[in-house]
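**Q** Chain residues, written in single-letter form:
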Amino acid sequence: MKKIMLAAVAALALGGSAMAQESIRIATEGAYAPWNFLDDSGKPAGFEIDLGNAICEKAGLTCEWLINDWDSIIPNLLAGNYDLIMAGMSITDERLETIDFTQNYFPPDPSKFVATAGTEIDFAALSGKRVGVQGGTIQAAYAEENFASGNTVVTFATADQAMADLAAGNLDTILADGAYLEPVVAASGGAIAFVGEDVLIGNGVGGGLRKEDTELKAKLDETLTALKADGTVDELIAKWFEGRGPYFAE
Amino acid sequence: MQAFLNDLALMSQAVLFNIYFAAASIPIGFVLAVFLALGKASPNPIINRLTRGYIYAFRGSPLFIQFFMFYSLALSLNIAVWKPLGISGFVLHPLFMGPLVLVLNTAAYTGEIFYGALRAVPRGEVEAARAYGMSRSQQFRRVIWPNLIRLAWPAYTNEVVFLFHATAIVYFALPVVGAQADLMITAKTLFERDYNAFLHFSVAALYFLAVSLVVFFLFGLVYQRLMRHLPAPPRMRYRPKWMR
Amino acid sequence: MTDDIAYWFSYLTNGKHLTWYASFQFTIFAALMGGALAVVFGLLGATLKNSRFLPLRLIGTFYSSIVRGVPDVLFFLFFPLAFEQGVEWLVASQICTPEAIAAQTAAWPPCKEANWFLGTTEYLLLASVSLGLVYGAFATNVIHGALRSVPNGQLEAARAFGMSPGQVLWRIQIRQMWVYALPGLSNVWMLIVKATSLLSLLQIADIVLWADRLGAPNFLPAVGLVHEDWRWRYYLVLFVFYILVTWLSERAFEAIMRRAGKGILSEARV
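Taken in sequence, the protein lines are chains U, G and C.
Mind the numbering: the first sequence is residues 3 to 252 in my numbering, read in order.
Mind the numbering: the second sequence is residues 3 to 246 in my numbering, read in order.
Mind the numbering: the third sequence is residues 51 to 320 in my numbering, read in order.
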């Protein structure tokens with residue numbers, strides 16, 4: 003009986019991985035517009051969803067999108083809950099120790115500070131300030147390294163929560179991706195403005211995958227190269243990020 | 003074994019946050035609960051309805067939701083209220099918001115326990131006190147309160163242990179300031195590093211269990227002192243979370 | 051005026067909100083399933099605790115006191131993770147080849163083939179089971195006490211009829227126990243209902259997650275309706291929802307207790 007049970011479980015697992023040859027699961031955060039968000043129908047949408055679907059179409063894969071909290075998005079990739087992360091994740095040396103990345107589909111982009119309009123912040127002698135970041139991001143690591151002494155670094159589960167605290171005056175400034183902040187600043191009608199100097203961290207945004215999935219990585223890289231060459235990636239960047247690009251045109 | 007000891011050392015810092023959250027909210031919750039219990043027993047219809055409603059609402063909804071709700075509520079009042087008063091950073095700090103919500107929550111549960119005990123105070127003793135010509139405050143201090151606290155103590159002990167357990171969700175709901183991390187966050191972070199669920203969560207569980215036992219021991223001592231007039235003081239049993 | 055109403059109505063009927071309403075199914079499922087399993091584990095635990103065989107009795111006592119000595123959140127997170135790892139370990143011991151294990155770079159699972167995909171359905175089931183296990187420990191105590199409350203005369207009469215110990219337990223003790231157990235079980239049910247708010251910790255897109263996402267401030271029309279931070283309003287809705295569920299459960303348990311109390315000695319009715 004025990005043998006049969008085990009065989010059944012094994013068959014299930016094998017069936018799962020055999021299916022994974024044609025279909026992949028992609029995780030996104032769904033709270034980082036315009037990279038990825040949940041649209042009015044409650045489905046994932048945004049630049050990375052369009053791009054992911056384009057990759058899957060080109061590579062002949064079936065794609066399924068999952069929503070996963072940012073703070074556990076890498077652990078759950080490693081635990082095998084999905085095969086690919088497309089969640090505005092920057093390629094960094096620290097992350098490369100645990101996971102692998104496809105080639106970037108968004109070039110290295112400076113991170114920016116924002117504050118409510120009219121706030122002057124002296125970044126040269128920053129002290130006693132409350133700096134908001136999303137936990138587990140490159141900006142969080144940067145803030146921890148540069149502002150931890152003398153300032154308070156407040157970590158949030160999503161970037162939107164940090165924006166809420168900034169708008170409510172609980173933070174002096176937020177450090178986040180420029181491509182995330184630009185539409186927010188533009189749409190805020192002057193309520194939120196860029197401050198200070200940009201900082202360049204990270205090596206662009208790519209798709210995160212497990213190190214042992216070398217076949218998948220090769221396939222995705224090949225597809226991305228093709229999509230960059232035929233202009234699809236630039237087209238999507240222009241569609242979702244106003245005034246950005248083209249980055250990958252020959 | 004080495005990994006186990008490492009975890010023990012790492013979490014000895016983290017458990018302080020849980021102890022802080024519990025220790026900061028228990029005394030205030032206790033005082034508030036006495037007023038809630040008296041309010042629920044009050045003949046005044048307004049006070050009675052209000053306290054009843056309060057106790058019902060806070061016992062009838064999850065603490066997790068209460069955390070989220072009160073944090074975002076406090077946040078939306080920030081510009082209008084806290085900023086002008088200059089206490090913005092203080093009010094929205096998890097080390098303040100955490101205990102605040104825990105106080106509101108535990109006061110409701112403890113208030114219900116005290117209310118039950120209040121109703122169980124022997125009528126004859128209160129009548130005898132009145133016959134002696136004691137004033138209302140004398141009746142409360144000399145007769146009702148000593149009876150109430152003895153009746154309520156075992157259930158209150160369980161509530162305190164439960165409150166300590168409830169501190170596990172504070173940092174799941176509130177933003178994290180600096181490198182502060184309680185037992186659950188530490189266990190989760192360690193788990194996400196090497197996937198050893200059995201080790202890290204067991205160590206966190208051990209800490210929770212150990213502190214619970216200490217609480218039971220200390221509160222048991224108090225109980226024996228409360229019951230010292232009896233020939234054989236009743237012993238309290240380890241029954242965490244029994245009938246909340 | 052009518053335009054205003056239409057605007058607000060459309061606001062509450064867009065797809066995102068419909069998904070939120072639909073996600074209540076997860077909460078309700080977890081509560082019902084968790085409740086049913088808690089009774090099952092409670093019966094099992096109480097039977098173990100009543101067993102005449104010492105090791106079984108110890109297991110029952112250990113289960114009911116250890117699980118209650120640890121925060122429910124901790125067990126709630128631990129159990130699904132541990133169960134997943136346990137299954138993967140079992141599968142790995144059957145199908146992983148040494149080469150596959152050597153090729154594995156991540157800390158877990160042992161080899162890629164042994165990996166078990168967990169989706170919302172699996173997590174929901176595991177969440178229900180862990181709710182059942184945690185609150186089954188409480189139900190164990192309730193049922194254990196209730197089994198002892200069944201009047202001794204009833205059991206003696208059953209034995210006099212020549213029933214075996216098993217028959218006495220199943221036909222008399224457990225059948226009559228419910229009326230004594232119901233007040234305690236209603237308490238356990240309330241705890242389970244409140245614990246369903248933790249589902250989002252297991253990556254289930256439940257009512258709490260959607261309340262956070264819908265209430266978060268939004269500046270971009272493409273994403274949805276533009277508004278400031280409205281989270282507390284959404285949480286207030288959930289706050290009221292849970293209070294309503296508590297109220298409804300109380301009424302339901304009162305009705306059940308009235309029905310169950312029929313034909314039982316009057317002191318059973320509290």
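Read the hints as simulated data drawn from the structure, not as lab findings.
Each hint should be verified, as a subset may be incorrect.
Label pairs and their computed distance ranges (CB to CB) [unchecked claim]:
1. U:Asn148 with C:Thr171: 38 to 46 Å
2. G:Gln182 with U:Ala251: 41 to 49 Å
3. G:Tyr22 with C:Leu286: 24 to 32 Å
As a list, the in silico DSSO-like pairs of lysine-lysine whose alpha-carbon atoms are at most 27 Å apart [what the hints assert, rightly or not]:
4. G:Lys85 with U:Lys131
5. U:Lys230 with U:Lys213
6. U:Lys230 with U:Lys45
7. U:Lys219 with C:Lys312
8. U:Lys45 with U:Lys219
9. C:Lys162 with U:Lys213
10. C:Lys66 with U:Lys241
11. U:Lys241 with U:Lys131
12. C:Lys66 with U:Lys45
13. U:Lys241 with U:Lys230
14. C:Lys162 with U:Lys60
15. C:Lys162 with U:Lys221
From the three backbone atoms N, C-alpha and C, an ideal C-beta is built for every residue, glycine too.
**Q** Against each hint, give a clear statement of whether it holds in the structure.
**A** Each hint tested on the structure:
1. Our hint of 38 to 46 Å for U:Asn148 and C:Thr171 holds, since their Cβ atoms are close to 44 Å apart.
2. At about 47 Å, the beta-carbon gap between G:Gln182 and U:Ala251 stays in the expected band of 41 to 49 Å.
3. With their beta carbons about 28 Å apart, G:Tyr22 and C:Leu286 fall inside the hinted range of 24 to 32 Å.
4. The straight-line distance between the Cα atoms of G:Lys85 and U:Lys131 is roughly 15 Å, inside the 27 Å bound, and the hint therefore holds.
5. For the proposed pair U:Lys230 and U:Lys213, the alpha carbon gap of about 23 Å is at most 27 Å, so the pair holds.
6. For the hint pairing U:Lys230 with U:Lys45, the CA-to-CA distance comes to about 26 Å; that is within 27 Å, so the pair holds.
7. A threshold of 27 Å between alpha carbons decides the hint, and for U:Lys219 with C:Lys312 the separation of about 68 Å lies outside it, so the pair is violated.
8. A threshold of 27 Å between alpha carbons decides the hint, and for U:Lys45 with U:Lys219 the separation of about 26 Å falls inside it, so the pair holds.
9. Between C:Lys162 and U:Lys213, the direct Cα distance comes to roughly 11 Å. Compliance with the 27 Å bound is thereby established for this hinted pair.
10. Between the alpha carbons of C:Lys66 and U:Lys241 the distance comes to roughly 23 Å, so the proposed pair stays at or under 27 Å and holds.
11. Proposed proximity of U:Lys241 and U:Lys131 is contradicted: the alpha carbons are some 36 Å apart, above 27 Å.
12. At roughly 8 Å between alpha-carbon atoms, C:Lys66 and U:Lys45 fall within 27 Å of each other, so this suggested pair holds.
13. Among the hinted pairs, U:Lys241 with U:Lys230 is consistent with the structure: their alpha-carbon atoms are about 15 Å apart, no more than 27 Å.
14. Among the hinted pairs, C:Lys162 with U:Lys60 is consistent with the structure: their alpha-carbon atoms are about 26 Å apart, no more than 27 Å.
15. Between the alpha carbons of C:Lys162 and U:Lys221 the distance comes to roughly 18 Å, so the proposed pair stays at or under 27 Å and holds.
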